[in-house]
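Engineer: Residues per chain, in single letters:
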Amino acid sequence: MFLEIWQKIKSSPLTMLIPVLFLLILGLLSLYSIATLQIQAPPNAFSKQLFFLIPSFIMLIIMTILSKRLIHKYIYFIYILSIVAVSLPFLGDKVVGTYRWINFGLPFDLQPSELSKWIIVLALARYLSDHNLQMNHFNANILPFIIAFIPTIIVLNQPDLGTAFVMMAPILPMLYWVGARPFHLFLFIAPLLSIISAFNFAVFSIWAFSLAIIIYISKPKLIHGIGLYFSNIFLGLVFPLVWNLLRPYQQNRFLTFINPELDPLGAGYHIIQSKTALGSGGIFGKGWGQGTQTHLKFLPVQESDFIVSAIGEELGFIVLLFMISLFFWFIYKILHLALDTNDRFSGLTLVGVASIFMAHVFVNSAMASGLMPVKGLPLPFISYGGSFLVSSFMMLGLTLNFGREEIY
Amino acid sequence: MLRSPNSVPKIKFWTLLGLTLFLHLILLYRFFQLQVLDYDLYTQRANSNRIRATSIPAPRGLILDRNGEIIVDNYPTYVLYGIGGEIINKSRNFSVISRATGIDSSYLSINYKNNYRSRFLPTKLAKDLTISQLSRLEEYKNNLTGIIYKQFPERIFNPKIRASHVLGYLKESDQDYLSSISEKSNYQFGDLIGWSGLERNYETVLRGTKGVSYYQVDAYGREVGKIESQSNTLPIPGNDITTTLDISIQELLESEFKDIRGAGVVSSPKTGGLLAYVSSPDYPPDLFTGLIATKDWELVITDMDKPLLDRVANGTYPPGSIYKMIVAVELLERKLIDKDWSVTCPGYYEFYDRTFKCWKEKGHGEVNLEKAIAESCDTFFYQAIQKIELDKLSKRSKTFYHGKQTNIDLPSEMRGRVPDYKYMNKKYGKWGWSEGAMLNISIGQGELLVTPLQIALYTNILATRGETYPLHLVNNQYKKIKSLNIRKKTWEFIEKAMIRVVNNPGGTGGRANPKIKGLLVSGKTGTAENPHGEPHAWFIGYARKNNEVISVVIMLENGGHGGEVAAPIARRIFKKYFELNIEIAKK
Numbered sequence: 026m027f028l029e030i031w032q033k034i035k036s037s038p039l040t041m042l043i044p045v046l047f048l049l050i051l052g053l054l055s056l057y058s059i060a061t062l063q064i065q066a067p068p069n070a071f072s073k074q075l076f077f078l079i080p081s082f083i084m085l086i087i088m089t090i091l092s093k094r095l096i097h098k099y100i101y102f103i104y105i106l107s108i109v110a111v112s113l114p115f116l117g118d119k120v121v122g123t124y125r126w127i128n129f130g131l132p133f134d135l136q137p138s139e140l141s142k143w144i145i146v147l148a149l150a151r152y153l154s155d156h157n158l159q160m161n162h163f164n165a166n167i168l169p170f171i172i173a174f175i176p177t178i179i180v181l182n183q184p185d186l187g188t189a190f191v192m193m194a195p196i197l198p199m200l201y202w203v204g205a206r207p208f209h210l211f212l213f214i215a216p217l218l219s220i221i222s223a224f225n226f227a228v229f230s231i232w233a234f235s236l237a238i239i240i241y242i243s244k245p246k247l248i249h250g251i252g253l254y255f256s257n258i259f260l261g262l263v264f265p266l267v268w269n270l271l272r273p274y275q276q277n278r279f280l281t282f283i284n285p286e287l288d289p290l291g292a293g294y295h296i297i298q299s300k301t302a303l304g305s306g307g308i309f310g311k312g313w314g315q316g317t318q319t320h321l322k323f324l325p326v327q328e329s330d331f332i333v334s335a336i337g338e339e340l341g342f343i344v345l346l347f348m349i350s351l352f353f354w355f356i357y358k359i360l361h362l363a364l365d366t367n368d369r370f371s372g373l374t375l376v377g378v379a380s381i382f383m384a385h386v387f388v389n390s391a392m393a394s395g396l397m398p399v400k401g402l403p404l405p406f407i408s409y410g411g412s413f414l415v416s417s418f419m420m421l422g423l424t425l426n427f428g429r430e431e432i433y
Numbered sequence: 073m074l075r076s077p078n079s080v081p082k083i084k085f086w087t088l089l090g091l092t093l094f095l096h097l098i099l100l101y102r103f104f105q106l107q108v109l110d111y112d113l114y115t116q117r118a119n120s121n122r123i124r125a126t127s128i129p130a131p132r133g134l135i136l137d138r139n140g141e142i143i144v145d146n147y148p149t150y151v152l153y154g155i156g157g158e159i160i161n162k163s164r165n166f167s168v169i170s171r172a173t174g175i176d177s178s179y180l181s182i183n184y185k186n187n188y189r190s191r192f193l194p195t196k197l198a199k200d201l202t203i204s205q206l207s208r209l210e211e212y213k214n215n216l217t218g219i220i221y222k223q224f225p226e227r228i229f230n231p232k233i234r235a236s237h238v239l240g241y242l243k244e245s246d247q248d249y250l251s252s253i254s255e256k257s258n259y260q261f262g263d264l265i266g267w268s269g270l271e272r273n274y275e276t277v278l279r280g281t282k283g284v285s286y287y288q289v290d291a292y293g294r295e296v297g298k299i300e301s302q303s304n305t306l307p308i309p310g311n312d313i314t315t316t317l318d319i320s321i322q323e324l325l326e327s328e329f330k331d332i333r334g335a336g337v338v339s340s341p342k343t344g345g346l347l348a349y350v351s352s353p354d355y356p357p358d359l360f361t362g363l364i365a366t367k368d369w370e371l372v373i374t375d376m377d378k379p380l381l382d383r384v385a386n387g388t389y390p391p392g393s394i395y396k397m398i399v400a401v402e403l404l405e406r407k408l409i410d411k412d413w414s415v416t417c418p419g420y421y422e423f424y425d426r427t428f429k430c431w432k433e434k435g436h437g438e439v440n441l442e443k444a445i446a447e448s449c450d451t452f453f454y455q456a457i458q459k460i461e462l463d464k465l466s467k468r469s470k471t472f473y474h475g476k477q478t479n480i481d482l483p484s485e486m487r488g489r490v491p492d493y494k495y496m497n498k499k500y501g502k503w504g505w506s507e508g509a510m511l512n513i514s515i516g517q518g519e520l521l522v523t524p525l526q527i528a529l530y531t532n533i534l535a536t537r538g539e540t541y542p543l544h545l546v547n548n549q550y551k552k553i554k555s556l557n558i559r560k561k562t563w564e565f566i567e568k569a570m571i572r573v574v575n576n577p578g579g580t581g582g583r584a585n586p587k588i589k590g591l592l593v594s595g596k597t598g599t600a601e602n603p604h605g606e607p608h609a610w611f612i613g614y615a616r617k618n619n620e621v622i623s624v625v626i627m628l629e630n631g632g633h634g635g636e637v638a639a640p641i642a643r644r645i646f647k648k649y650f651e652l653n654i655e656i657a658k659k
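Heads up: the sequence lines are chains P and D, in that order. Just add 25 to the spot in the first sequence (first one is 1) and you have the working numbering. Just add 72 to the spot in the second sequence (first one is 1) and you have the working numbering.
Treat the hints with care, since some could be wrong.
Selected chain D positions facing chain P (in silico; Cβ < 8 angstroms) [stated by the list, open to error]:
id, residue
1, S76
2, N78
3, V80
4, L88
5, L95
6, F103
7, D110
8, Y114
9, T115
10, N121
11, R122
12, Q288
Looking from chain D toward chain P, a few residues come up when the C-beta cut is under 8 angstroms (computed) [to be verified]:
id, residue
13, P77
14, K82
15, K84
16, F85
17, L89
18, L93
19, L99
20, F104
21, L106
22, Q107
23, V108
24, L113
25, R117
26, A118
These aren't lab readings, by the way, just hints derived from the structure by calculation. The model shown is predicted, which means the values in this text are computed figures rather than measured ones. All C-beta atoms, glycine included, are put in the ideal place defined by N, C-alpha and C.
Using the sequences plus the hints, can you model the full thing?
Structural biologist: Spelled out as structure tokens, the structure:
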């Protein structure tokens, strides 16, 4: 009896609310420290985040009880709408140098690209589950890419490289889930790796060697294998040459596009300050509200992009360990639900949502700790930001909705 | 449709979960690396981010006169700084400051350029801000970025006296100075240091130890509070120095030298302490504090009368007849003549084909040594000197500190010049000079050069029979100067002759006598010919009443006859000093 209840609780999608609750509390504690202790009068980041919890909960409930069939039926239409929505900011004024936000006359701006992240996932899920695709063929992978690419390109032009990255993140896991050959998926990443590795001879040699082995193991047609190998090597060889042909200002323009936070002095001021804040926190942290780097404003964008550094400084490695564990638990839970659902549409959607959360967690923390130079993304349930909070809760609602069959 | 089954092999779940775990572990490892492995590095970096140490200047010791009256004091002024990294728009900030304080903005930007060292350190923009300038600046505070001011103790001087050459001045240390000193830790580029005079000589005493205050600053460099874990070190003020100077005597001596070029020293033969020290013309002592306008500076530098030259210690002059006592001592000690040996002075002396004049054209008639000193007869010395060997005279002169530094507690002092054979041979060639040069030396002319300071010590030796102490401005444990080994009889003779100079009719120094009951004044006048025009007028002398002695040296550059112009100044000093003493005694 007891065991039975335990089993039910354990397998219930509702248990994933536990890590979410902890993450929310951690985020609010941190925002309270940042905003309130710096004697900012409300509305500050903390009070606004509290306020945004109201629409978040409403959307959570709506997304949880919304009929799956309805979602399935209208998702292509919603997808078209979302493309229009991410294009809308271009009609308005630039906000902080980008076309990311739209103002509907509300006291805050909306960021439609936050919603289109998971709308893409749903559209992809429908496409991949509707058709009995022969995923063994490489060509079957192309249309899903196009579905994801259209909004991604628009978002990239806002410009918002971070969100664009997140939009692309679900494709490979979803294709893998639905049966695409790993080798085909590998082909999508290969050119990118060829280009990146080309700037270091040793790395490029290792890459060329690994590429040969992977192609050999995967046993494609001989002509395809040879063509693939040499086109990748060629790309790797030519790219640095082309790069060097560019004038420095052109190179800089490209680099700034990749990494808008790159400061003009090239000193990586933000990254250095973020690492300093994190590192000086130590194992147990400086204490809640005691973070000198945070409160003396050495830490930039501390309430969103670099919030993990603020937490690390004040609460230490112990709490970051706890936080990372919560995220792992949360993503594990979504993936597990994906495995357990009965229909492919739900499974794919859950894998896609898990990928989005994973991308956010990894990019945010890797950037704050100086592992990645890319523009930061907010940390789910922790970072300040209304649109993203609402969007995260909508994804959570989708997860509860699509993973719920087990209970009933 | 939704009917399509979710038949997924478990391996896909495990693959994706494995990937998820891998990414989470990367992050965890990275956090571990930064927060645990590199904790010390980042803690240090975090602290240097936020902790700013600023030095608190130590108040410099005061300079007092012998009665404890303050000669040099400190008063607070404000210094304006700009922090390079935080002044976003320099020209705009400077024009705001200019509007608020009236300081020229081009002046600010020149100072900024000259003093700039780093974008994180405060750069000095202007000194000597008044409270009213500061309060107007406060009103504009919102328009300023990276502008701060600090209190700074500045030197202020007793208005009664100048004594600029003795006191010296402070100057901002430069790289050359910093690399030359041993005790570097207490000094920083731009600190004020004693650059001349007593300020320099007693730098280590006067200068205290700087304190340090630690502030917490935010990312914009604004001070946001103290650091609790790191307590400030308070500055240790410098020690005061009590000089031997007497403000009232110094004041009188300075007034005597008003608009006159020359040097005057009043000292106590018993102790060696200097009561007054005047080199004229001088400069206002506060010339070097605060901001010297280029115009004022050029005025001082280009002044033909060289106000910056300390004539007392660094001016060299022929001594003239005040040298005669040394010749007399040499004559008597070596028994080259006895005191009754005499010559007849017709007003000149013919030496081979040259004629050497005595100052008194009519002549002195029959002259012995005592009369030759009292009436300063040159003819006598022209003849007596011929019994003397130059090298022996040169050695004798050095025992009286001619051609030898007095080692007074001031940073620079000239040696002067006393010729010997070697010097003369070198200068004129072995056969290029003759006994005739000796005749000039006998009356303190020719190659002889002395500083008024050396003469002050010489006078003190004469006043105490050699039982005097080195000249000094600040009391300390001084040893008596080296004994001169002169017979008592000789001393008595010299003293008698010097009394006669002032007190007997016919004596050249009669005007030095204030005629106070019980006061005995001795002295010697000098009128030193020189190639620059009128002769330099000298008077040296000492006055004794009961147990009290002071000595006076007066030298007027191109002033004329010592007995006419220098002696009256000495008289007024004697008068003032002994009247003062009576007042003090009455109290």
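Engineer: Next step is simple, just say for each hint if it's right about the structure.
Structural biologist: Now the hints, each set against the structure:
1. S76: For S76(D), the interface hint holds, since the closest Cβ of chain P sits about 4 angstroms away, which is under 8 angstroms.
2. N78: holds, 4 angstroms
3. V80: This hint holds: V80(D) lies near chain P, its Cβ roughly 6 angstroms from the closest one there, short of 8 angstroms.
4. L88: holds, 6 angstroms
5. L95: holds, 5 angstroms
6. F103: holds, 5 angstroms
7. D110: Constraint on D110(D) satisfied, holds at 5 angstroms.
8. Y114: At about 3 angstroms, which falls below the 8 angstroms cut-off, the nearest Cβ of chain P leaves the hint on Y114(D) intact, so it holds.
9. T115: Cβ of T115(D) sits 5 angstroms from chain P, so the hint holds.
10. N121: holds, 5 angstroms
11. R122: holds, 5 angstroms
12. Q288: holds, 7 angstroms
13. P77: holds, 6 angstroms
14. K82: holds, 7 angstroms
15. K84: holds, 6 angstroms
16. F85: holds, 4 angstroms
17. L89: With Cβ-Cβ at 6 angstroms, under 8 angstroms, it holds.
18. L93: holds, 7 angstroms
19. L99: Constraint on L99(D) satisfied, holds at 5 angstroms.
20. F104: holds, 6 angstroms
21. L106: Since chain P brings a Cβ to about 4 angstroms from L106(D), closer than 8 angstroms, the hint holds.
22. Q107: Result: holds, 4 angstroms to nearest chain P Cβ.
23. V108: This hint holds: V108(D) lies near chain P, its Cβ roughly 6 angstroms from the closest one there, short of 8 angstroms.
24. L113: holds, 7 angstroms
25. R117: Constraint on R117(D) satisfied, holds at 5 angstroms.
26. A118: holds, 4 angstroms
Comparing the model with each earlier hint shows no violations; every hint is respected.
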